[in-house]
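Undergrad: The residues making up each chain are set out below.
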Amino acid sequence: MATTTATITLSSTDLLSDNMQLSNTMTLYKDGTTATGLEQLNYHRAVVPTGTQFDLIQDSAALSEDASYVYICLKNTDVTDYVKISINTEEIGRLYAGDWLFMPWDNDLTDTEDAQSAQGNDSSIEIEAFTHDAVVEYMLFHNGETLLTADDVA
Amino acid sequence: MATTTATITLASSDIADNAIQISNTSTLYTAGTDTGISETTGLGRKKFASSSNIVLLDGGLTSGIAADVTADKSAKVYIKNMNDRGDGTKYVNILLAAVEIGRLYGGDWMFIPWCAASGKDIEFTASDTTETTLEYTCFYE
Chain A
18 MATTTATITL SSTDLLSDNM QLSNTMTLYK DGTTATGLEQ LNYHRAVVPT
68 GTQFDLIQDS AALSEDASYV YICLKNTDVT DYVKISINTE EIGRLYAGDW
118 LFMPWDNDLT DTEDAQSAQG NDSSIEIEAF THDAVVEYML FHNGETLLTA
168 DDVA
Chain B
3 MATTTATITL ASSDIADNAI QISNTSTLYT AGTDTGISET TGLGRKKFAS
53 SSNIVLLDGG LTSGIAADVT ADKSAKVYIK NMNDRGDGTK YVNILLAAVE
103 IGRLYGGDWM FIPWCAASGK DIEFTASDTT ETTLEYTCFY E
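Taken in order, these protein sequences are the chains called A and B. Numbered per the numbering used here, the first sequence spans residues 18 to 171. Numbered per the numbering used here, the second sequence spans residues 3 to 143.
Simulated from the structure, these hints should not be mistaken for laboratory data. All C-beta atoms, glycine included, are put in the ideal place defined by N, C-alpha and C. Just so you know, not all the hints are guaranteed correct.
[What the hints assert, rightly or not] Result set (DSSO-like, lysine-lysine): computed pairs, CA atoms no more than 27 Å apart in a straight line:
| # | chain 1 | residue 1 | chain 2 | residue 2 |
| --- | --- | --- | --- | --- |
| 1 | B | Lys49 | A | Lys92 |
| 2 | A | Lys47 | B | Lys92 |
| 3 | B | Lys92 | B | Lys49 |
| 4 | B | Lys48 | B | Lys92 |
| 5 | A | Lys47 | B | Lys49 |
[Claimed, not checked] Derived, one-sided and incomplete: chain B residues facing chain A with beta-carbon distance under 10 Å:
| # | residue |
| --- | --- |
| 6 | Thr9 |
| 7 | Ser25 |
| 8 | Thr42 |
| 9 | Gly46 |
| 10 | Phe50 |
| 11 | Ser52 |
| 12 | Asn55 |
| 13 | Asp60 |
| 14 | Trp116 |
| 15 | Asp130 |
| 16 | Phe141 |
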């Protein structure tokens with residue numbers, strides 16, 4: 018097993034009348050275990066063009082009912098640039114330049130997509146860039162994906 | 003304006019052949035500007051012992067503390083499941099409206115942007131009726 022930790026620190030000296038500092042560290046464990054860490058990850062960097070919503074992280078049957086964690090960071094520097102992050106028909110929210118998110122992810126919806134198509138309802142994490150093309154770095158920590166069987170056409 | 007920062011560090015010495023350490027700090031700005039976010043719901047803590055669906059943050063309210071969190075701007079939400087991990091089978095499902103985002107097991111936290119428009123409530127459903135404690139806060143404009 019692997020030991021992977023995620024630490025967050027939220028801090029401000031002037032948002033409230035006194036200093037605020039909140040810090041927490043979690044270890045990324047497998048579902049149903051007390052101390053067995055996730056052992057697989059995907060780490061990507063991509064340029065997302067404006068004008069179209071894309072599947073950023075594709076769901077798969079093996080990611081259902083399990084413990085997976087997603088990190089996404091928008092690396093743009095123009096403060097007017099942003100991306101919308103969605104699951105299915107629900108927009109989670111906007112990441113502006115420099116923003117990041119870290120969240121659990123569960124492939125909860127029945128996937129009606131064809132493996133070669135983005136049509137249909139599913140739990141894929143979707144992204145759409147606004148203002149300028151978006152440079153995103155993203156990671157998925159997971160317990161195994163369903164790999165597609167190779168289907169080349171000779 | 004206020005300066006509020008959110009820093010994440012992801013680290014592992016053995017998930018890959020080489021150690022990984024990824025760290026990023028974002029300053030929480032209002033939408034499309036470099037002006038710091040100046041409002042927060044404050045840090046809240048909620049205990050519950052139910053497996054029913056419960057609204058944690060009510061998007062698009064017309065009154066109350068979160069009434070200003072009404073638009074798809076740059077709000078950010080932090081949630082932590084304060085329970086012990088236990089046997090690793092108990093968790094809280096976090097949902098946006100009716101769509102499940104993922105599971106927070108005991109000790110897990112999340113930090114996400116929040117659309118916050120009408121009907122875009124952040125909800126949770128516990129895996130059973132064991133008493134669960136959540137801490138949460140929202141930064142917004």
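Undergrad: State for each hint whether it applies.
TA: Outcome of the hint check:
Simply put, Lys49/B and Lys92/A have alpha-carbon atoms about 37 Å apart, too far for the 27 Å limit, and the pair is violated. Annotation: proposed proximity of Lys47/A to Lys92/B holds, straight-line Cα distance about 12 Å (limit 27 Å). Between Lys92/B and Lys49/B the alpha-carbon distance is near 15 Å, which keeps this suggested pair within the 27 Å criterion. Using a Cα cut-off of 27 Å, the hinted pair Lys48/B and Lys92/B holds, with the two alpha carbons roughly 17 Å apart.
Distance check on the hinted pair: Lys47/A and Lys49/B sit about 25 Å apart at the alpha-carbon level, within 27 Å; holds. Restraint check, Thr9/B versus chain A: the minimum CB separation of about 4 Å is within 10 Å; hint holds. Interface restraint check: Ser25/B against chain A, minimum CB-CB distance 9 Å, threshold 10 Å, status holds. The closest approach between the C-beta of Thr42/B and any C-beta of chain A is roughly 6 Å, which is under the 10 Å cut-off, so the hint is satisfied.
A cut of 10 Å between beta carbons decides the hint on Gly46/B: the least distance to chain A is about 12 Å, and the hint is violated. At its closest, the beta carbon of Phe50/B sits 19 Å from a beta carbon of chain A; the interface hint therefore is violated under the 10 Å criterion. For Ser52/B, the shortest C-beta to C-beta distance to chain A is roughly 20 Å, which exceeds 10 Å, and the interface hint is violated. Checking Asn55/B against chain A by beta carbon gives a least distance of about 13 Å; that is not within 10 Å, so the hint is violated.
Restraint check, Asp60/B versus chain A: the minimum CB separation of about 15 Å is more than 10 Å; hint violated. Below 10 Å, beta-carbon pairs count as interface contacts, and Trp116/B has one with chain A at about 5 Å; its hint therefore holds. Because the closest C-beta pair between Asp130/B and chain A is about 14 Å apart, greater than 10 Å, the hint is violated. The criterion of a C-beta within 10 Å of any C-beta in chain A is met by Phe141/B, whose closest approach is roughly 8 Å, and the hint holds.
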